[in-house]
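Chains as they are written, first to last, in our numbering: chain W, 43 to 459; chain A, 7 to 143.
Just so you know, not all the hints are guaranteed correct.
[As the list claims (entries may be wrong)] Ranges of calculated distance between the beta carbons of each label pair, as one might list FRET restraints:
{"id": "1", "chain 1": "A", "residue 1": "G24", "chain 2": "W", "residue 2": "S452", "range": "22 to 30 Å"}
{"id": "2", "chain 1": "W", "residue 1": "A193", "chain 2": "A", "residue 2": "E94", "range": "54 to 62 Å"}
{"id": "3", "chain 1": "W", "residue 1": "I454", "chain 2": "A", "residue 2": "K96", "range": "22 to 30 Å"}
{"id": "4", "chain 1": "W", "residue 1": "S452", "chain 2": "A", "residue 2": "E94", "range": "31 to 39 Å"}
{"id": "5", "chain 1": "A", "residue 1": "E94", "chain 2": "W", "residue 2": "A376", "range": "51 to 59 Å"}
{"id": "6", "chain 1": "W", "residue 1": "I454", "chain 2": "A", "residue 2": "E94", "range": "26 to 34 Å"}
{"id": "7", "chain 1": "W", "residue 1": "H350", "chain 2": "A", "residue 2": "T98", "range": "22 to 30 Å"}
{"id": "8", "chain 1": "A", "residue 1": "K96", "chain 2": "W", "residue 2": "K165", "range": "36 to 44 Å"}
{"id": "9", "chain 1": "W", "residue 1": "I454", "chain 2": "A", "residue 2": "E90", "range": "24 to 32 Å"}
{"id": "10", "chain 1": "A", "residue 1": "K131", "chain 2": "W", "residue 2": "A419", "range": "32 to 40 Å"}
{"id": "11", "chain 1": "W", "residue 1": "V154", "chain 2": "A", "residue 2": "G24", "range": "49 to 57 Å"}
{"id": "12", "chain 1": "A", "residue 1": "I111", "chain 2": "W", "residue 2": "E336", "range": "53 to 61 Å"}
{"id": "13", "chain 1": "A", "residue 1": "I111", "chain 2": "W", "residue 2": "S452", "range": "51 to 59 Å"}
{"id": "14", "chain 1": "A", "residue 1": "E32", "chain 2": "W", "residue 2": "S452", "range": "28 to 36 Å"}
[Said to hold, decoys possible] Below, simulated PhoX-like cross-link-like pairs (lysine-lysine); rule was C-alpha separation at most 20 Å, straight line:
{"id": "15", "chain 1": "W", "residue 1": "K433", "chain 2": "A", "residue 2": "K64"}
{"id": "16", "chain 1": "A", "residue 1": "K102", "chain 2": "A", "residue 2": "K28"}
{"id": "17", "chain 1": "W", "residue 1": "K453", "chain 2": "A", "residue 2": "K64"}
{"id": "18", "chain 1": "W", "residue 1": "K332", "chain 2": "W", "residue 2": "K433"}
{"id": "19", "chain 1": "W", "residue 1": "K434", "chain 2": "A", "residue 2": "K64"}
{"id": "20", "chain 1": "W", "residue 1": "K446", "chain 2": "A", "residue 2": "K64"}
{"id": "21", "chain 1": "W", "residue 1": "K165", "chain 2": "W", "residue 2": "K197"}
{"id": "22", "chain 1": "W", "residue 1": "K446", "chain 2": "A", "residue 2": "K28"}
It should be emphasised that the hints constitute simulated quantities derived from the structure, not laboratory data.
Remember, predicted model here, so these are calculated numbers, not experimental data.
From the three backbone atoms N, C-alpha and C, an ideal C-beta is built for every residue, glycine too.
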Amino acid sequence: MSKIESNVAVPAGVQLPIYMDNHATSQLDPRVLEAMMPYFTTKFGNAASRNHSFGWEAEQGVETAREQIASLIGATAKEIIFTSGATESNNLALKGVAEMYRERGNHIITQVTEHKAVLDTCKRLEKQGFRVTYLPVKADGLIDMEDLKRAMDDKTILVSIMWANNEIGVLQPIAEIGKLCHERGVLFHTDAVQAVGKVPVNVIADNVDLLSLSGHKIYGPKGVGALYVRRRNPRVQVAAQIDGGGHERGMRSGTLNVPGIVGLGKACEIAQQEMAAEAKQLAHLRDRLKAKLESELDYIHVNGSMEHHLPGNLNMSFVYVEGESLLMGIHEIAVSSGSACTSATLEPSYVLKALGLGDDVAHSSIRFGIGRYNTEAEIDYTAAKVIDVVKKLRELSPLYEMVKDGIDLSKIEWAAH
Amino acid sequence: MAYSEKVIEHYNNPRNVGQLDKSSTEVGTGLVGAPECGDVMRLQIRVNPETQIIEEAKFKTFGCGSAIASSSLATEWVKGKTVEQALEIKNTEIVKELALPPVKIHCSVLAEDAIRAAIGDWKKKNNVAETAEAVAH
């Protein structure tokens, strides 16, 4: 038996540890930091101060950022509301619409693979008397448009479907959903945290009414995000969830996080300029990683539709190897796993289970989140390391041995504990 | 989560990996856990029929690093013990030796179960009466 500790050589130019978990967060782009710096030091004014230059200067920074964000998503500056991040944006969109449109109806439609910021907000709304339909997803992770049509009734006020999934990277048919919602007079919110800056997003073409985005997923700072709220056709209103000085057209009070907002704006500007080329490069790296893994390992598969997919995402199950033990073997590469052992709840990923994956396969999944700063050499090293560790762990796996011996694992009576 | 040095050491250098001839009357096999739960351990012992001493132990484990370390340690500990002595190994001793955090205690429980299941299988093959304690749960 060989050691699990592997001796895959680290190629020149690769520094360990390697960060490949860009759906969790991303490294701040130095150009973003540079844009933010003056707003921590000399330009420290409160953007709401109307009677001196310190305030005007800060306000100027905020308004530039509003333009940069709006431009990236096809909106106008006045439609951008700053928040503390996408969790707050999702809360404001759902609770704000629910409260504002309660007279019109009490039904909300979402899907089972949403982020907890949407799901748990919906759960709370249910306690307040709203009805929520959680649409299932198909084996490829996409919703069925027919399910959505059937779920709509005359009490439906809002549909909330994420643009790109944070675990499996699948892109929902946003344009189709938006079109249907507008035909039915239902508002459409999308959590686009993983999509903005990665794939083309246009709120007009795609008929989006509310859209959540975040700074730190797009090489911007943490603690800042935005909610797009449509101003015409239709004019959307959300009830404020934080009361105070009436900032952000009364929809979100609180002194603006000026450096954060300036950083978010700059990150959007960079994304707009570089997205097309970057998406190509990320897809190339992703496909390279996938091909290398597939050429060396059996019993592996990709989770989620590869056809409708974020360029930098690869979610793979390495069957008969438990995810946490794999992470331990490749500990110098930062990725994440759908394994229960890596979560606080000891439950495997609800997103993978929604695809119809068994718990055993969900336990074996790894999410690679490739980003702006990953190199081809890093991809090659990652592939070599994963292959090496998976092979070694399979030598240790009674399940892999049994399958290789032709035993049907589903026929065994497992003593579940 | 940070792992203890001992867990990392067993994970990197697992002891006694492999399999013994299941059909031999000297060999007892314990297969515990379930793939859905994220861990399956197979622990095997070869018992000297004269002395009842466990002369060889092998394991294979599908599970997290703590599960691998717990079963690797279990094979080390049962070797050289008599069957009855091996039954006295408690999961709490494994927890202590490997410094397992509370969330990983089930890995040690599974290792104890695996020892008991292997011994139970050997006893069944050799018509040795099960002690009350040895009933697998």
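- Item | Hints breached by this structure | 5, 7, 10, 11, 12, 13, 16 and 17
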